[in-house]
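Trainee: Construct all of the structure, not just a fragment, from the sequences and the given hints.
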Amino acid sequence: MVRWRHFLRRFLIGLLKLTDEKGREKKKRKRVPLRETRVSPWLIGVAIFLILFWILLIEFGFFWKNVLGLFLFIGIIVVMLSVYIKRYALDRGDHNSLAIIGLITVIMALIIEVIHVTPELSSYLVPIASAGMLITILINSHLAMVVVLLLSIILALISRFNFDLFFFALIGGVAGIFSSLDVRHRRDLVRAGLYISGANMVIIAMIGLIRQKPFTQLGENFLWGIGNGFLSVILTMGILPYLEELFSITTNIKLLELSDFNQPLLKKLMMEAPGTYHHSIIVGNLVENASELIGANSLLARVGAYYHDIGKLKNPEYFAENQEGLLSKHDDLTPNMSSLILISHVKEGIDLARGAKLHRPIINIIEQHHGTSLIHYFYHKAMEENKASKVGEEKYRYPGPKPRTREAAIVMLADAVEATSRTVEEPSYERLRNVVDKMINDKFIDGQLNDCDITLVNLHRIAESFAHTLTGIYHTRVEYPKKE
Numbered sequence: 051m052v053r054w055r056h057f058l059r060r061f062l063i064g065l066l067k068l069t070d071e072k073g074r075e076k077k078k079r080k081r082v083p084l085r086e087t088r089v090s091p092w093l094i095g096v097a098i099f100l101i102l103f104w105i106l107l108i109e110f111g112f113f114w115k116n117v118l119g120l121f122l123f124i125g126i127i128v129v130m131l132s133v134y135i136k137r138y139a140l141d142r143g144d145h146n147s148l149a150i151i152g153l154i155t156v157i158m159a160l161i162i163e164v165i166h167v168t169p170e171l172s173s174y175l176v177p178i179a180s181a182g183m184l185i186t187i188l189i190n191s192h193l194a195m196v197v198v199l200l201l202s203i204i205l206a207l208i209s210r211f212n213f214d215l216f217f218f219a220l221i222g223g224v225a226g227i228f229s230s231l232d233v234r235h236r237r238d239l240v241r242a243g244l245y246i247s248g249a250n251m252v253i254i255a256m257i258g259l260i261r262q263k264p265f266t267q268l269g270e271n272f273l274w275g276i277g278n279g280f281l282s283v284i285l286t287m288g289i290l291p292y293l294e295e296l297f298s299i300t301t302n303i304k305l306l307e308l309s310d311f312n313q314p315l316l317k318k319l320m321m322e323a324p325g326t327y328h329h330s331i332i333v334g335n336l337v338e339n340a341s342e343l344i345g346a347n348s349l350l351a352r353v354g355a356y357y358h359d360i361g362k363l364k365n366p367e368y369f370a371e372n373q374e375g376l377l378s379k380h381d382d383l384t385p386n387m388s389s390l391i392l393i394s395h396v397k398e399g400i401d402l403a404r405g406a407k408l409h410r411p412i413i414n415i416i417e418q419h420h421g422t423s424l425i426h427y428f429y430h431k432a433m434e435e436n437k438a439s440k441v442g443e444e445k446y447r448y449p450g451p452k453p454r455t456r457e458a459a460i461v462m463l464a465d466a467v468e469a470t471s472r473t474v475e476e477p478s479y480e481r482l483r484n485v486v487d488k489m490i491n492d493k494f495i496d497g498q499l500n501d502c503d504i505t506l507v508n509l510h511r512i513a514e515s516f517a518h519t520l521t522g523i524y525h526t527r528v529e530y531p532k533k534e
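Be aware that the sequence shown starts at 51, since it is given in the working numbering, and climbs by one per residue.
Among the hints, erroneous ones may be present.
FRET-style restraints, in silico, Cβ to Cβ [stated by the list, open to error]: (1) V129 with S191: 18 to 24 Å; (2) F211 with D401: 55 to 61 Å; (3) K440 with N365: 26 to 32 Å.
Computed cross-link-like contacts, BS3-like style, restricted to lysine-lysine with a CA-CA straight-line distance of at most 25 Å [what the hints assert, rightly or not]: (4) K317 with K263; (5) K445 with K431; (6) K445 with K379.
In case anyone wonders, no lab produced these hints; they're calculated from the structure.
Keep in mind it's a predicted model, so treat the numbers as computed, not measured.
Virtual Cβ for every residue (Gly too), placed ideally from N, Cα, C.
Mentor: Given below as structure tokens:
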């Protein structure tokens, strides 16, 4: 026993020293925040292996046959899990998924052991469904299925190959996954708890009837199964906000909270830049409909649209939608200075978003919603004023980057279309469609859509959606006869 503890201690110290030496040079150059840290899948795999191996050794004893058998068994499972996760998560560049899965797996394994060694508690209380719900909400249901299967196997092993518990945990975990697929509000998790409790009672009844257990024991197990469902919900609701913040993951729940117009930034935008606020709301309506048509994340696009111009809070009076009357602040400025003020609203927006702790997907939309577009008005004005000398186009272009997601691209297009559509006289579907087609075509020719996964078919559907939505916004009312 002492020898094994000494071996594990030395192994962990060596592993930490190796990791520290590899990352020391990078840390000297720049401190990397935890939420942006990339974690090796094999390091996560080793951590999961060591903890599961240790828990099972405590349960089965430190005999050499047990050590060898458990080493091979857990090793094979963890290697298969790591390979699957690496292929499924890292291909999308999602390194946070590994850390989340490792953390949830380790926490749940420890909960399994604590409940198992507590005589007053039943193993039917183990909330494996909570792990399935968390990973479904934070990552996806495919990886959640794998983790639920792994934890169900661990529960069966700790319970000395009790396959009644294996099937109970597996069915309850799957119920948790399916019940949290479309969760948009935290209160939806309570409904998920009812589904989990129901699934638990069904599987307990099936096992009880097959095993011919007395009804008194069956009733007691029912209570544990119901408690399991609500414990899973309590754990999920308690842990989820911390994981969202720690790993900067923008879930549907978080997006809906950000879409509340009582959010401080949106309230400030409404009070200090009402024109920009109204513009952002219309852009949100445009992108939501268009995103649904092409299968993009409509909720992310809408919320990104609400916040895309928050940088205009710095100098709201320099933007056309906030100017009152015919006089413009730009009349007293050079074209170069005017373009600098317009360009700066992107950086100001990023700073405000970071200060408000908005998550990376929203910040990306703010950063990319103009791409490297040219500010045509002030560029041509500068050319007219400096006919004798050449005007550098780069001074009148936004710094970028170009949109890298479909959601950011749709916000860019909707932003340009909404602003231009205000100038259309007697707007009809045909006139608005012409404006929409021209703006989208200009962005396409300018190369603003080169870095995102968007097709010509998508652009056609987006244009159609924009035109229909704008027609509804600018429709003309029938003039009713006046009363005599």
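Trainee: Evaluate each hint against the coordinates.
Mentor: We went through each hint and held it up to the structure:
1. V129 with S191: 18 to 24 Å: Distance hint for V129, S191 holds at roughly 23 Å.
2. F211 with D401: 55 to 61 Å: Given about 57 Å between the Cβ atoms, the range holds.
3. K440 with N365: 26 to 32 Å: With a Cβ separation near 29 Å, K440 and N365 satisfy 26 to 32 Å, so the hint holds.
4. K317 with K263: Answer violated: K317 to K263 is near 61 Å, above 25 Å.
5. K445 with K431: Holds, at about 13 Å.
6. K445 with K379: holds (20 Å)
Violated hints amount to a single one, hint 4; each of the other numbered hints is respected by the structure.
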